[in-house]
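Per the UniProt record's numbering, residue 1 is the first one in the sequence shown, and the count goes up by one each step.
Treat the hints as calculated values from the structure; they're not laboratory data.
Worth double-checking, as some hints may not be accurate.
[Said to hold, decoys possible] Okay, derived cross-link-like pairs now, DSS-like style, lysine-lysine, Cα gap no bigger than 25 Å in a straight line:
hint	residue 1	residue 2
1	K271	K281
2	K281	K258
3	K258	K275
4	K86	K271
5	K258	K417
6	K281	K400
7	K86	K275
8	K417	K281
9	K102	K86
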Amino acid sequence: MIKAEFRGRVITETTAVTVFYLMASSSLLGIVMLSSLYLEHGRLQHVYAQQVALSENTAVELAKPAVVKIYNFASISLSVQAAGVKVQSLQGALDQLLSQGKLDIQDSRAVLDALIEVIYQDPGRYLAPLPDTLNLSASMNATGSGFIVTPDGYIVSNAHVVRFPDYDIEQTIRNDRDTFFATFLPQVFADTSGTLENIFVPMFPNVASLQLTPEEENGLLLAFIQYYHNAPYHITGFEPNVFAEMRVSIPGVLTGGKLVPAEVIPSATGKAEGKDVAVLKVEGNDNLPTVALGDENSLASLDDIIAIGFPGSVSIFPDLLAQGIQPSITRGQFSGFQPTIFGFSLVQTSTPISHGSSGGPAVDSSGRVVGITTSTSINPVTGQEENSAFNFLIPVSIVKDFLNRINVHAQESQFTKMYRQALLEFEAQNYSRSLEILEQLNRIAPGNPEVQNLISLVQTRMLLLENQEHQA
1 MIKAEFRGRV ITETTAVTVF YLMASSSLLG IVMLSSLYLE HGRLQHVYAQ
51 QVALSENTAV ELAKPAVVKI YNFASISLSV QAAGVKVQSL QGALDQLLSQ
101 GKLDIQDSRA VLDALIEVIY QDPGRYLAPL PDTLNLSASM NATGSGFIVT
151 PDGYIVSNAH VVRFPDYDIE QTIRNDRDTF FATFLPQVFA DTSGTLENIF
201 VPMFPNVASL QLTPEEENGL LLAFIQYYHN APYHITGFEP NVFAEMRVSI
251 PGVLTGGKLV PAEVIPSATG KAEGKDVAVL KVEGNDNLPT VALGDENSLA
301 SLDDIIAIGF PGSVSIFPDL LAQGIQPSIT RGQFSGFQPT IFGFSLVQTS
351 TPISHGSSGG PAVDSSGRVV GITTSTSINP VTGQEENSAF NFLIPVSIVK
401 DFLNRINVHA QESQFTKMYR QALLEFEAQN YSRSLEILEQ LNRIAPGNPE
451 VQNLISLVQT RMLLLENQEH QA
């Protein structure tokens, strides 16, 4: 049995494929009116308005610059009941050893070894929660995807990327070794010391002068570690620290990313278990690449749906910035709508979706967003993602609703208008014209890797044509 479920986990990435996207389809879809202005040497120059049909690969390339990687360096507060020793149970176990002649009460070291061994073998029997509550803190890092919808930096992503569900936080603490020990090890050491001084010594004064051997200390530590591993946690606080990675490229020097602080807008952010949408805002630029919003109701059965994002399994990892920064593209078909218990329907698609792509746009063949990638199929036995047709999107109509709450409307940027024109000129093999627009775009918005890649591709095509002319 395979079930679809929301995933809000935290993230390791995989290196994305960075090739110019080519689609099998060569049909021209989507009539778009172009009327753009661009700046050249301080003056505005007009690009004549024209009706242009975008091919599918051009539409996808147009959307790519607006897709960003989202980082969340979150601080989490949690509480758990402190561990204590069940003195009566422990005394009973030792009395049984004495009655069986397996323990010499005069041998202090043997008594100490027996105390620790009994607890180590069955922590659930000899350790129990105390009335005292421990307040602890944990750090979790996550990445996801998002897409820019306005020139001044409103970004759409998933709610679970910016606010991890409590269940996923608990599972990560339990299952990720580094996170668990960073959270609990100081408390475990304190419990170990307190047990020796406050429990063992009053019961058996002869052990007061003994120092724990490494083996004894490890046994006691492991007993308390097992207790806390299985104890119920309560999430008492969550402080996101969210950034959007703006990709930059310096030819011959580097291709990397610049992390820009992103504010999570509470009034335009839902919940992972429901309308899994978050709206973020970055400052400092009013000409960012944008992607257009479409309409999920325009989809017909087997229409193409293309997901763009930064895939990777969602888990804790130490070095977020060491990963690849190019978005990858996957393609599938629209399967239909699936109702949810939350009062809206998800978009079902065969488009492959991986963790890390969460929050990225899913676009139709005209490059317009029809949904947010949010959940994939999980094998309930292995807990692993399944490559199947059971993948789901939050419909774009819900995105529009969240944007309307804060009076924000998707708008095409000057960058995107110019980049569209450059792509169309390239597709028409007007390479000189495409290069002219790209160079002006690079002066207005320097360092965008998609622009750099297209400049390189245009120059290569021009060189090939020049060589062919010389050979002729």
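- request: Take the C-alpha atoms of K417 and K281, compute the straight-line distance between them, and say whether it is at most 25 Å.
  value: Holds: K417 and K281 sit about 22 Å apart, inside 25 Å.
query: Taking 25 Å as the top limit, are the C-alpha atoms of K271 and K281 close enough?
result: Given that 25 Å is the threshold and the Cα spacing comes to 18 Å, the pair holds.
field: Distance restraint between K86 and K275, which requires alpha-carbon spacing of 25 Å or less
entry: violated (46 Å)
message: Given the hinted pair K86 and K271, is their Cα-Cα distance within 25 Å?
response: Distance of about 41 Å is beyond 25 Å: violated.
query: If you draw a straight line from the CA of K258 to the CA of K275, is it 25 Å or shorter?
result: Distance ~29 Å between K258 and K275 Cα, so the pair is violated.
Hint consistency between K258 and K417 [alpha-carbon to alpha-carbon, up to 25 Å]: Holds - the C-alpha atoms of K417 and K258 are around 23 Å apart, at most 25 Å.
message: For K281 and K400, compute the direct alpha-carbon distance and say whether it is at most 25 Å.
response: Distance ~15 Å between K281 and K400 Cα, so the pair holds.
- prompt: Under the criterion that the straight-line Cα-Cα distance not exceed 25 Å, is the pair K102, K86 satisfied?
  reply: holds (21 Å)
- prompt: Is K281 close enough to K258, meaning Cα to Cα at most 25 Å?
  reply: holds (15 Å)
Hints 3, 4, 7 from the earlier list are contradicted by this structure; the remaining hints agree with it.
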